[in-house]
Amino acid sequence: MIPVKAFAAQNAAAPLAPFDFERRELRANDVLIDILFSGVCHSDLHQVRDEWGGSMYPMVPGHEIVGKVIKVGSEVKKFVPGNTAGIGVMVDSCRECKPCKNHMEQYCAEGMTGTYNGFERDKTTIAQGGYSTQIVCDERWVYHVADSLDMAGVAPLLCAGITTYSPLKYDNVKAGDKVAVAGLGGLGHMAVKFAVAMGAEVTMLSTSTSKEADARKLGAHNFVLSTDEAAMKKLESHFDVVLDAVSGNHDYEIYLKLLDVSGKLLVVGLPKDQPKVNTFELIKNRRCIIGSMIGGTAETQEMLDFCAEKNIVADVEVIPMQYINEAYERMLKNDVKYRFVIDMASLKQA
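Here our numbering is used: position 208 in the sequence shown is 208, and no number is missing along the way.
By construction, these hints were calculated from the structure, which means they are not laboratory data.
Computed from a predicted structure; not experimentally measured.
You may find that some hints are simply not true.
As the list claims (entries may be wrong) - Each computed DSSO-like pair below joins lysine-lysine, with the alpha-carbon atoms no more than 30 Å apart:
| no. | residue 1 | residue 2 |
| --- | --- | --- |
| 1 | 174 | 68 |
| 2 | 233 | 217 |
| 3 | 233 | 284 |
| 4 | 5 | 78 |
| 5 | 264 | 101 |
| 6 | 123 | 174 |
| 7 | 234 | 217 |
| 8 | 101 | 78 |
| 9 | 337 | 264 |
| 10 | 78 | 310 |
| 11 | 77 | 169 |
| 12 | 233 | 5 |
| 13 | 333 | 5 |
| 14 | 101 | 68 |
| 15 | 284 | 174 |
Unchecked claim - Derived CB-CB ranges, DEER-like:
| no. | residue 1 | residue 2 | range |
| --- | --- | --- | --- |
| 16 | 345 | 58 | 18 to 26 Å |
| 17 | 216 | 275 | 27 to 35 Å |
| 18 | 121 | 317 | 34 to 42 Å |
| 19 | 291 | 121 | 44 to 52 Å |
Just so it is clear, CB atoms sit at the ideal spot from N, CA and C, and this is done for glycine as well.
Let the sequences and hints guide you as you build the complete structure.
Following this line, the structure appears as structure tokens:
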């Protein structure tokens, strides 16, 4: 077994604290990664505090992982020690169903194996995540990361990045398309970067005028205050795509009205309550609502390659592991631009 240092939650009310555990020895297709950076996703906080139900403790969160390969199993073909590599939201699946065979493992018929807060395929071992010094994973769920990219900025690409890249790519967003992004946070800021890089004319929709300068810095061509009824009225039937990254409760109708004929509302935000949908706004212009969940292994590697080509990384604030509980409180206040990333050297030196 491989001894590992980590931070973990022991229950829903406890702060994250130091925790030692052991990773499995490498199997034939496994890769051992020395974790250098681990992104902090809002879903980490939800699961640590059991806000979605079913949380398993002790829990080591983290599914935005970047580091260096230090050892590989006897049958590994994609990696050698020294490679820069990443791991995202999942670490296994059934591998046999139609989605898995099409490399869309996030939609595995049996359910994918999450990087943490769930059982591995043996149904007995609890998977533990990236707030740790090392991780072992089958090479199918490990991705090559270009050394030209800032590794701290790469970490959020493994969740926020692929979550927004996948629906934009599914809709074949291209030069000349008109794309609106609703919500400028961890997801929204990546959506703006990707849509701009794909050649679209990008408009940022926000409830706060304070976000305009940042939106334009990220590459957005236009900014509209979504609470300005007159401005929103002018944009009705204007966009080919609206990517909805809003996590707070809201009515989909305000975004549906903005879609042109055959326009698509791409939903990646997760409101607590069921959103309202006005079916009259759906049938007008033959609009549709499409949900999307992260991306499969092939598409995730494609996204990372695209980021290397376009020099795209997330905007991050790097923190020591020991600051994680304060970071959670700041995240609740939206006090981060736009993702916290843990420098795991702080844990290794502790």
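Status of each hint after checking the structure:
1. 174 - 68: Violated, at roughly 34 Å.
2. 233 - 217: Holds, because 26 Å separates the two Cα atoms, which is no more than 30 Å.
3. 233 - 284: holds (15 Å)
4. 5 - 78: Between residue 5 and residue 78 the Cα gap is close to 27 Å, so the pair holds against 30 Å.
5. 264 - 101: Distance of about 27 Å is within 30 Å: holds.
6. 123 - 174: violated (43 Å)
7. 234 - 217: holds (24 Å)
8. 101 - 78: holds (18 Å)
9. 337 - 264: Satisfied, since the Cα-Cα distance of roughly 28 Å is no more than 30 Å.
10. 78 - 310: holds (23 Å)
11. 77 - 169: holds (28 Å)
12. 233 - 5: At roughly 54 Å apart (the allowed maximum being 30 Å), residue 5 and residue 233 break the hint.
13. 333 - 5: With a Cα-Cα distance of about 29 Å, the restraint between residue 333 and residue 5 holds, given a limit of 30 Å.
14. 101 - 68: holds (28 Å)
15. 284 - 174: With Cα atoms ~24 Å apart, residue 284 and residue 174 stay inside 30 Å; holds.
16. 345 - 58: 18 to 26 Å: holds (23 Å)
17. 216 - 275: 27 to 35 Å: Because 28 Å falls inside the window, the suggested range holds.
18. 121 - 317: 34 to 42 Å: Check passed, 35 Å falls within 34 to 42 Å.
19. 291 - 121: 44 to 52 Å: violated (26 Å)
When held up to the earlier numbered hints, the structure conflicts with 1, 6, 12, 19 and fits the remainder.
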